[in-house]
Structures are given as C-alpha cells and as structure tokens.
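Residue numbers (this note's numbering), protein chains in the order written: chain A, 1 to 227; chain B, 1 to 227.
The hints are simulated quantities; they were obtained by calculation from the structure and are not laboratory data.
Don't take every hint at face value.
Note that identical chains are pooled: a pair holds if it fits in a single copy or bridges any two copies.
Lysine-lysine pairs mimicking DSS-like chemistry, simulated, CA-CA at most 27 Å apart [what the hints assert, rightly or not]:
no. : residue 1 : residue 2
1   : 153       : 26
2   : 141       : 162
3   : 153       : 185
4   : 59        : 162
5   : 185       : 135
6   : 135       : 167
7   : 26        : 59
8   : 167       : 185
9   : 69        : 141
10  : 153       : 141
11  : 162       : 69
12  : 185       : 141
13  : 167       : 26
Number of protein chains: 2
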Amino acid sequence: MDTRTPASGNSPWLPFESRRRARDEKREAVLRTAVQLFLEQGYHRATLNEVADRLNITKPALYNYFRSKEDILFECWVMGQERVEDQIAEIESANENGLATLRMLVRAYAATMASDFGASLVRFNVADLSEANQKTTLAGKRRIDRTFRNAIKQGITDGSIKPCDVKLTAFAILGALNWIGHWYKPGGELSPDQIADDFAIRLTADIASRPQRRRPPKKAVKPTGKK
Amino acid sequence: MDTRTPASGNSPWLPFESRRRARDEKREAVLRTAVQLFLEQGYHRATLNEVADRLNITKPALYNYFRSKEDILFECWVMGQERVEDQIAEIESANENGLATLRMLVRAYAATMASDFGASLVRFNVADLSEANQKTTLAGKRRIDRTFRNAIKQGITDGSIKPCDVKLTAFAILGALNWIGHWYKPGGELSPDQIADDFAIRLTADIASRPQRRRPPKKAVKPTGKK
C-alpha cells in the first residue's frame, strides 16, 4: 500500500519498491526450495544447509528472511493457504448457486493440492509448529471447512444440491481433495487441471439435484446429453 | 501354532504359552499407549519417557519389547495394516460382486480409520521410518490401493459398477476414507460404525450401476425402494 515514488537513478541502492520486490522474490525462492525439500525428505530430515546449498547461499543468509526452520515451515503453509483463500474470495464473489460454487471450489482446491505449496497444507505435521502458528493453521483449516459446508448448505437451500448430511459430505469431498496432495506426482498421466475438472464433477455427482434427481422419480428421466 | 502343553503347576514361572501371551499383551499395551501419544502430540514431540510414565514402567523397560522409538512407530503402523489386511482377506473370501466387495472394503476401512491404529496408517510421516520400514509401508499402501482398484475393475467387468477411471475412482474413495483418520474424534456425533455405513453408500453411489443407471436411460427407472 506504500506508494512513495522511488528515488531517482543516482543512488547505488535500488529504489525502495524494487528492493522490496527483490526481497520478496528471494524470500519466495527460499520457500519454494524448502517446500520441495520438506516434501521429498520430510520436515525433520531436511536441513536448512541443504536448502541453502540448493540456492547457492549460506545457511546464515537464510536468516535474513526467516527466523527459524519452523518459521519457514509455517510460511510454506501460509503460501498454500493464501492461494486457497484468494480462490475462495474469487469464487464467492461470483455469486453462483450452491452446486456451481461447490464445483468451482473443488476445481480450484484440487488444482492447488497438486502444487507444492498446496500439498504443504496436508503433508506436514501441525505439531511441528509453534502454538501460535498451530492456532493459525487450525483457523485456516476451519475457514476451508466452513466454506465447503456453506456451499453445500446454500445448494440445499436453492435446490441445486439434494438434502444431505452437510458435515459428512464436506468431509468426504475434502478428504478426496486433500489426498491429491499425497498421491499427485508432477509429470504423471493427468495434469492438475485434468484432475481438477474430473474431481469437480466426480465429487459432486452424487449430491447434485440434476441430471439425476433421485426422488421422486415419478416419471421417466430424460437423458440430458450432458456427461 | 506352538501347541506344547504347559508344564504342571509346580514351577514359579508361568507356562510357556501364558508367558508368551502376557508378553504379547504388554507389548500391545505399549503400542496402544504410544499410538495415542503420537497422535496427540506428534511423533517427534512425544517422548518414550511419557509412554513409560503412562504405563507405570521405566523407560528402559520399554526396551524389553522394542528396539527404539522408530521401532514402536513402525509397529503401530503394523497393527493398523494387519487389521486392514485381515479385513481384506475376509472380504475377498466372500466372493461377492465388485460393487458389494467395494462397499464392504469401504465399510471396513472406514471403521478402521476411526481407530488409533488405523489412523496411524495416515497420520504419521513415512520419512520418520528406517528405509527398510519405509519400503514395507509403501508395499502395504500399494496392496490397499490394488485391492480397491481390483474391486472396481471387477465391478466394471461384472456390470455392478459403471465404466470409470479405475485409478482416479480409487484415489477419490481412499482419500475420503483416509481423511477420517484426521477428523474423527472418539465421542463425536457419529460412531465409527455409523460413519462406515454412511461412507459405504456415499462413496460408491455415483459409480454403482443401480439404482441410478445413468446410461442408457431408455425407459423409466423404477424406484427400487432401497436407500
């Protein structure tokens, strides 16, 4: 939000904005490398020395950007969570019906789960974080749960989703989604987008009011032509 | 399998079978306490001192039964995995059609996930195990994956399950099931059996050929009266 104009070209230092951007980029590069290493080797086995090695910097240089290994772990989680929360905000602002909202949520979250920062939401152990950070991650998890539940509730209200147990339905959907963070390997048969498209339909097919309206099937159900 | 008859009552030592049984019971008590503590606090935070404290024994006494903390972690996993494999063997010997087999698998696995040893299959980090034990757990995971996929394939062949992507279907189902190990808390609204019954239908409803046969719906679908 700081909009101060950068100093003119005579200074050997980069203008403030550029310096901030460069710092942010470096910080994110550390996180990208760290999250890969944590996912590969597990948080406890991975060392900051190896993170630094991969970045061609020294371990002390990491402390310009982060206070500790735990801080890095938490910030990896933050990267994933922020991505999900941005997606949620965008989807909610579209003001679609419950089913359409739920499908957009599934699609977006599935694609995120097939990314390193996304996987960090489910692959790391919350117990490795400080108490304050544990609280933050729990609150984030709850926001995601609530968002999925709200879409389902809305769908039941607006008729796009069949009456169902909202909590169990959300758990089943989020479980299938979170598991992507465990099994997805880049370069596999399916791209993140293909998985996301498939899951958006697959995980909501049973609760969608149409094309299969389960009750009351008083008369012949016309094929809709949709898959 | 050892059926030797115990020595008569004069010895101050328990008969061989009884001693073996007592040892097994103590060993399992250690695992039950350890798995609870690992789930509560995370494997790295939990200490063997606290395991011993909760059992009213000393930490060195634990080494009568286990070589190391890692050995205990692995044996917790073994307890869960053996339960699942016993269930698989029983279900497969029932020789039902693919859909019925899949539903039995879902039901059994869901109930197991809502137990401590079951949760240990998904809550701990494989990277914390020795390389040999990591291989064993990966092989176990693959056997479970294969069993679910085989049931789906069989169902497609025998017509009880609609043609679908077998791998993605198995991933979606197992994801929803594995997530139970994360969210289930004893004493909640639903018992493990209720969750298992619900999931057995919920996770297979969309791929079941009946009661909703999605294609070709040439004529009116009769309500079957089944839920």
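Here's how the hints hold up against the structure:
no. : hint       : verdict
1   : 153 to 26  : neither (42 Å within a copy, 48 Å between copies)
2   : 141 to 162 : within (25 Å within a copy, 34 Å between copies)
3   : 153 to 185 : between (33 Å within a copy, 23 Å between copies)
4   : 59 to 162  : neither (55 Å within a copy, 55 Å between copies)
5   : 185 to 135 : between (30 Å within a copy, 18 Å between copies)
6   : 135 to 167 : within (22 Å within a copy, 36 Å between copies)
7   : 26 to 59   : within (14 Å within a copy, 46 Å between copies)
8   : 167 to 185 : between (29 Å within a copy, 14 Å between copies)
9   : 69 to 141  : within (22 Å within a copy, 30 Å between copies)
10  : 153 to 141 : within (18 Å within a copy, 35 Å between copies)
11  : 162 to 69  : neither (46 Å within a copy, 48 Å between copies)
12  : 185 to 141 : both (23 Å within a copy, 16 Å between copies)
13  : 167 to 26  : neither (41 Å within a copy, 39 Å between copies)
Violation of the numbered hints given earlier is confined to hints 1, 4, 11 and 13; the remaining hints are satisfied by the structure.
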